[in-house]
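Peer 1: In case you want the letters, here they are:
There are 2 protein chains.
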Amino acid sequence: MPLRTRTTRKHEDELAGVAEATTIPFERALPVGLLRAREAVMVHMRPILRAHGTTEQQWRVLRALNDVQPMDKTTLTNHAALLMPSLLRILKDLKQAGLIRLVRSQTNRRLTGVILTPRGAAYVAVVTAALAQKSIILKQVIGQDTVEQLLDLLRTVELRLSTIKTGSD
Amino acid sequence: MPLRTRTTRKHEDELAGVAEATTIPFERALPVGLLRAREAVMVHMRPILRAHGTTEQQWRVLRALNDVQPMDKTTLTNHAALLMPSLLRILKDLKQAGLIRLVRSQTNRRLTGVILTPRGAAYVAVVTAALAQKSIILKQVIGQDTVEQLLDLLRTVELRLSTIKTGSD
DNA sequence: CGCCTCAAGTTAACATATTAAGTTGAGGAA
DNA sequence: TTCCTCAACTTAATATGTTAACTTGAGGCG
Numbered sequence: 001m002p003l004r005t006r007t008t009r010k011h012e013d014e015l016a017g018v019a020e021a022t023t024i025p026f027e028r029a030l031p032v033g034l035l036r037a038r039e040a041v042m043v044h045m046r047p048i049l050r051a052h053g054t055t056e057q058q059w060r061v062l063r064a065l066n067d068v069q070p071m072d073k074t075t076l077t078n079h080a081a082l083l084m085p086s087l088l089r090i091l092k093d094l095k096q097a098g099l100i101r102l103v104r105s106q107t108n109r110r111l112t113g114v115i116l117t118p119r120g121a122a123y124v125a126v127v128t129a130a131l132a133q134k135s136i137i138l139k140q141v142i143g144q145d146t147v148e149q150l151l152d153l154l155r156t157v158e159l160r161l162s163t164i165k166t167g168s169d
Numbered sequence: 001m002p003l004r005t006r007t008t009r010k011h012e013d014e015l016a017g018v019a020e021a022t023t024i025p026f027e028r029a030l031p032v033g034l035l036r037a038r039e040a041v042m043v044h045m046r047p048i049l050r051a052h053g054t055t056e057q058q059w060r061v062l063r064a065l066n067d068v069q070p071m072d073k074t075t076l077t078n079h080a081a082l083l084m085p086s087l088l089r090i091l092k093d094l095k096q097a098g099l100i101r102l103v104r105s106q107t108n109r110r111l112t113g114v115i116l117t118p119r120g121a122a123y124v125a126v127v128t129a130a131l132a133q134k135s136i137i138l139k140q141v142i143g144q145d146t147v148e149q150l151l152d153l154l155r156t157v158e159l160r161l162s163t164i165k166t167g168s169d
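Just so you know, the sequences run in chain order A and B. With the numbering used here applied, the first sequence covers 1 to 169. With the numbering used here applied, the second sequence covers 1 to 169.
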């Protein structure tokens, strides 16, 4: 009998016998694992962001700016894990909402620094506070140690992978 | 002077002094960490998938099916970390490509099981082989132990979070 | 200087994901 | 049996992300 380690087993009987089940016991692929774990966290965070009128992506931008200011657009794409065209649209919206401001560099006119307006900074503070409460609960559920270890490992992965060249080789 | 722990520092001088920098030293948020780590991995995997004519999402579906078969659509959305409408579109494409087949349950006509066709299974085998090579390299770069620990932690996170209720509370 | 190349950003066309409003069948209670 | 409710899709609209082609300015070199 084939292994079937991790199904919901809800409708298993009803669908059973239609085809052979394969035998790979558990999903041990890093990309999917990272994605699923992220989704498990975001399910709890998203409603809070929504309640404050922000999307996930907008929030990533605001949060990145809260860490370092001013930041040029290219650097922002890295920090917010966004592609340039997506970032541009988001910046347009954030600017219209009066949360950010663009500042052209005096010495290099190709660079545009992005900064939070006072209102933007206040907004980040409010949302951060709202998220913090949930964050504490989630950390308790996951386990403080687990979270710390995980963050360290994630950083390690990013760092080590950044040393090798990207793409097809 | 404000902290500025983690910028590329490339254009720092040129943009400096336009606004106050805030003082949060390092991005320690789980969602972004997971996202960035995933991206760091996917940058190396995506070209291989592309070369075989698959998208990331299609591959997640195929891989999930390779683990457990047959699987109903709702369960598939969980395993492939996809929303239903996205899954439906992908299944339509995969079916047209002759890689999967749908089987209606005899006992519960609401359920549609998804299975790989022989051609689909062969395809998965080929792409898996192609990915495996890169995967070995990446694991070496990241470190075997790190990867194993990380996978365990990710699983722990998912498991523990699945015990609490989702949404706004 | 005048040419070259490349980084930074922009835009438009296209692909994909998300939300929301249906549809259909199962299983249970009156 | 008939009605009720809910789970499992399905579809259409909308938003968002992705690719690719283009523009502009910096900095290097003959």
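Hints listed in this document are in silico derivations from the structure and should not be mistaken for laboratory results. Note that the coordinates shown come from a computational prediction; the quantities given were computed from them, not determined experimentally. Where hints are given, some of them may not hold.
Given that identical chains are not distinguished, each listed pair holds provided it fits within a single copy or across any two copies.
For lysine to any residue, the following SDA-like pairs were computed, each having C-alpha atoms within a straight-line distance of at most 20 Å [as the list claims (entries may be wrong)]:
| id | residue 1 | residue 2 |
| --- | --- | --- |
| 1 | Lys95 | Ser135 |
| 2 | Lys134 | Thr163 |
| 3 | Lys92 | Met45 |
| 4 | Lys73 | Leu91 |
| 5 | Lys139 | Asp152 |
| 6 | Lys73 | Leu111 |
| 7 | Lys134 | Leu87 |
| 8 | Lys139 | Thr163 |
| 9 | Lys73 | Leu161 |
Peer 1: With reference to the structure, classify each hint as holding or not holding.
Peer 2: Evaluation of the provided hints:
no.: 1; hint: Lys95 <-> Ser135; verdict: neither (28 Å within a copy, 41 Å between copies)
no.: 2; hint: Lys134 <-> Thr163; verdict: between (35 Å within a copy, 15 Å between copies)
no.: 3; hint: Lys92 <-> Met45; verdict: neither (24 Å within a copy, 32 Å between copies)
no.: 4; hint: Lys73 <-> Leu91; verdict: within (9 Å within a copy, 37 Å between copies)
no.: 5; hint: Lys139 <-> Asp152; verdict: both (15 Å within a copy, 17 Å between copies)
no.: 6; hint: Lys73 <-> Leu111; verdict: within (8 Å within a copy, 47 Å between copies)
no.: 7; hint: Lys134 <-> Leu87; verdict: neither (27 Å within a copy, 30 Å between copies)
no.: 8; hint: Lys139 <-> Thr163; verdict: between (31 Å within a copy, 13 Å between copies)
no.: 9; hint: Lys73 <-> Leu161; verdict: neither (23 Å within a copy, 34 Å between copies)
In summary, the numbered hints that this structure violates are 1, 3, 7 and 9.
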